[in-house]
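Trainee: So the sequences go chain by chain: A and B.
With our numbering applied, the first sequence covers 1 to 265.
With our numbering applied, the second sequence covers 266 to 586.
Be a bit skeptical, because a hint or two may be false.
[Stated by the list, open to error] So, partial list: chain B residues that the calculated Cβ filter (under 8 angstroms) puts toward chain A:
| id | residue |
| --- | --- |
| 1 | Arg-347 |
| 2 | Ala-404 |
| 3 | Ala-447 |
| 4 | Asp-453 |
| 5 | Asn-454 |
| 6 | Ser-461 |
| 7 | Gln-491 |
| 8 | Arg-492 |
| 9 | Tyr-493 |
| 10 | Asp-495 |
| 11 | Ile-527 |
[As the list claims (entries may be wrong)] A few chain A positions that, by computed beta-carbon distances, are all more than 10 angstroms from chain B:
| id | residue |
| --- | --- |
| 12 | Gly-44 |
| 13 | Leu-55 |
| 14 | Asp-77 |
| 15 | Asn-104 |
| 16 | Leu-107 |
| 17 | Thr-110 |
| 18 | Ser-116 |
| 19 | Tyr-127 |
| 20 | Leu-191 |
| 21 | Arg-219 |
| 22 | Ala-233 |
| 23 | Glu-247 |
| 24 | Arg-250 |
In short, the hints are calculated from the structure, not lab data.
The C-beta atom is built at its ideal place from N, Cα and C for all residues, glycine as well.
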Amino acid sequence: MKGLSLIGLRKTFEKGTPNAKLALDDVSLEVAPGDFITVLGSNGAGKSTLFNAILGKFRLDRGRIILDGEDITRLPDHRRALNIGCLYQDPLRGTAPNMTIEENLALAYTRKASRSFFAVNRKDSAYFRELLRRLDLGLEDRMKTKMGLLSGGQRQAASLLMATIAEPKLLLLDEHTAALDPATAEKVLALTRRIIAERSITCLMITHNMQCALELGSRTIVMDSGRIVLDVAGQERAKLTVPQLLERFRENAGRDLATDRMLLG
Amino acid sequence: MNILSLLVSALGQGMIYAPMALGVFIAFRVLNTPDLTIDGSFVAGMCACAVVTIAGHPYLALLCGLAVGALAGLVTGLLQTRLRINPILSGILTMTGLYTINFMALGGQSNLYLQRAAVNSAGVETQVASDTLYKAFRAFMVSLTGNRRFDNNLSILIVTGLIVAAVAAVLAVFFFTRTGMAIRATGDNEEMVRSSSIDADRSRIQGIMLSNALVGLSGALLCEQQRYADLNFGSGMLVVGLASVIIGQVFFGQRGITLGIISAVAGSLVYRIILQVAYRVDMPSYAVKLLSAVIVVVALSIPLLRKRFAERRAEREEAEP
């Protein structure tokens, strides 16, 4: 089975205490290879928890995760990272500030690079330069610059490159443009679409922008209280408007989908 | 003693302590994690070296000091990563445990001289000094120069300087290999290392082992030079190392790994010169630790004081246009 299968994922945090919280409630999802799924949901709906479960940041109470036919449920996080790229809202999370752009890329490329004594070598550097040139941010001439000196948008673009440099089977984007100014966010998003299309990576993207969620990708899921309450794709999704999406959510979840961070436009 | 010979003696001491400063640099600046194992692994290196030197293997003894330090680092690393014990506590636990092991290594006494009992030609039992690296190298220098009174301190400086140069060169190269770069990145952004599919725990353990191996080597060198191992020699060693690293930064700044390595060595040399000067103005030797602590406190507080000062000045300028 190619693609990603989530089978009955369940996770309760602080089990057995008064603060116990059911964060994932039997979440099952079949993702076909090459699918680009946008994920919506209010704060605390379990979107990021779902990502962290896939990334292996904690042990599940129940359920299995199968990526490209391999059961990764019990693999430690760094082993899963061989085939999963991830990008967070905070541009600082994905890069090492005191190392150069080139070194950051080399480190991310360790997954697939041919063995070499020095981490940074001429052959890989030429490849990195080409990748950076295609970002169109002028970073290809600043490969010896420390990552910490770049702007948030530049760092996020570099992080995107690092997350996809080893051609992962799956890319997880957790509101990766939310902390950027609108113009930069637009640019990083365009970049994301291009890289995903070029490499046909299977992708899940969390967003708070409903319009964006319906326009981008091939399928949209909406989460609430640790469950997937709405899953639309194809023709049905193409015709869906934001008000209709809200209406469908109300029917399925029994309440309104809205937070102060939700963007209706 | 004239100025020059004082300088040579200070530089020799600085070189002996330089691997320790490098160890502190790796722990505090590269891995970004305070590690108190250092006080223990320094003594462990001394003790291992003393025992092996007395057994007649002064060169193997240095490697033993290195290995014992690495082993101490391995324990701390495992405590930090596998058992998720707070880094500072991990170091304290290893250091405390090491005290007993060091005590046992010294045969249940608090110090051990590098000598062994032998019967002389008159049939009387006496103590014979063990062969050491420094003894051998001085003999080599004497035969090389034909000067029977070749300065012992100069000989110490030369041979230790050669060792430190080799260690620093290997380190500088190592930090650009894949393993070395992963260690640097682990100190910089551990999460990013994990998401690059590198076992950050392993990198961290490797880094702590490397750091303490260097500290152990430093202890071993000192043991052979001063001809004894002392159980209580390690206390405050971390602060001495930190003072050296910070002094080095004053000269070279905080830029890049290679410069960091050079600056740690230079810091250790300057630190010993400062001490030598302090001794000349009759500072008692027990004041060393207070001096080290003060140097570290002053150096650490400078950035904050500078900021406050700038803020005050800005306030004043606002007040009187």
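Trainee: Now tell me, hint by hint, if it's right for this structure.
Mentor: Okay, the hints, checked on the actual structure:
Checking Arg-347 of chain B against chain A by beta carbon gives a least distance of about 12 angstroms; that is not within 8 angstroms, so the hint is violated. Evaluation of the Ala-404 of chain B hint against chain A yields a violated restraint, the C-beta minimum of about 38 angstroms exceeding 8 angstroms. Taking 8 angstroms as the C-beta cut-off, the interface hint given for Ala-447 of chain B holds, the closest approach to chain A being about 7 angstroms. Taking 8 angstroms as the C-beta cut-off, the interface hint given for Asp-453 of chain B holds, the closest approach to chain A being about 4 angstroms.
Taking 8 angstroms as the C-beta cut-off, the interface hint given for Asn-454 of chain B holds, the closest approach to chain A being about 4 angstroms. A least Cβ separation of about 5 angstroms between Ser-461 of chain B and chain A falls short of the 8 angstroms threshold, and the interface hint therefore holds. About 38 angstroms separates the beta-carbon of Gln-491 of chain B from the nearest beta-carbon of chain A, more than 8 angstroms, and the hint is not met. Interface restraint check: Arg-492 of chain B against chain A, minimum CB-CB distance 40 angstroms, threshold 8 angstroms, status violated.
For Tyr-493 of chain B, the shortest C-beta to C-beta distance to chain A is roughly 41 angstroms, which exceeds 8 angstroms, and the interface hint is violated. Interface restraint check: Asp-495 of chain B against chain A, minimum CB-CB distance 38 angstroms, threshold 8 angstroms, status violated. Below 8 angstroms, beta-carbon pairs count as interface contacts, and Ile-527 of chain B has none with chain A, the closest being about 17 angstroms; its hint is therefore violated. For Gly-44 of chain A, the condition that its CB be more than 10 angstroms from all CB atoms of chain B holds, with the nearest at approximately 22 angstroms.
Leu-55 of chain A, annotated as away from the interface, has a beta carbon of chain B within 10 angstroms; the closest lies near 8 angstroms. For Asp-77 of chain A, the requirement that its beta carbon stay farther than 10 angstroms from each beta carbon of chain B is not met, with the minimum near 6 angstroms. Distance check for Asn-104 of chain A against chain B: the nearest CB is about 8 angstroms away, which does not clear 10 angstroms, and the non-interface claim fails. At the 10 angstroms boundary, the C-beta of Leu-107 of chain A falls inside the reach of chain B, the nearest C-beta of that chain being 5 angstroms off.
At roughly 6 angstroms, the least C-beta separation between Thr-110 of chain A and chain B is not larger than 10 angstroms, which violates its mark as non-interface. At roughly 7 angstroms, the least C-beta separation between Ser-116 of chain A and chain B is not larger than 10 angstroms, which violates its mark as non-interface. Every CB of chain B lies more than 10 angstroms from the CB of Tyr-127 of chain A, the least distance being 16 angstroms, so the non-interface label holds. Consistency note on Leu-191 of chain A: stated as away from chain B, and its beta-carbon is indeed over 10 angstroms from all of that chain's, at 19 angstroms minimum.
Every Cβ of chain B is farther than 10 angstroms from the Cβ of Arg-219 of chain A; the closest lies at roughly 25 angstroms, confirming the non-interface assignment. Against the 10 angstroms criterion, Ala-233 of chain A stays outside the reach of chain B, whose nearest CB is about 29 angstroms from its own CB. With a closest Cβ-Cβ approach of about 38 angstroms to chain B, Glu-247 of chain A is found to remain outside the 10 angstroms limit, as its non-interface label requires. Residue placement check: Arg-250 of chain A keeps its beta carbon more than 10 angstroms from all beta carbons of chain B (closest about 37 angstroms).
Violated hints for the displayed structure, listed by number in ascending order: 1, 2, 7, 8, 9, 10, 11, 13, 14, 15, 16, 17 and 18.
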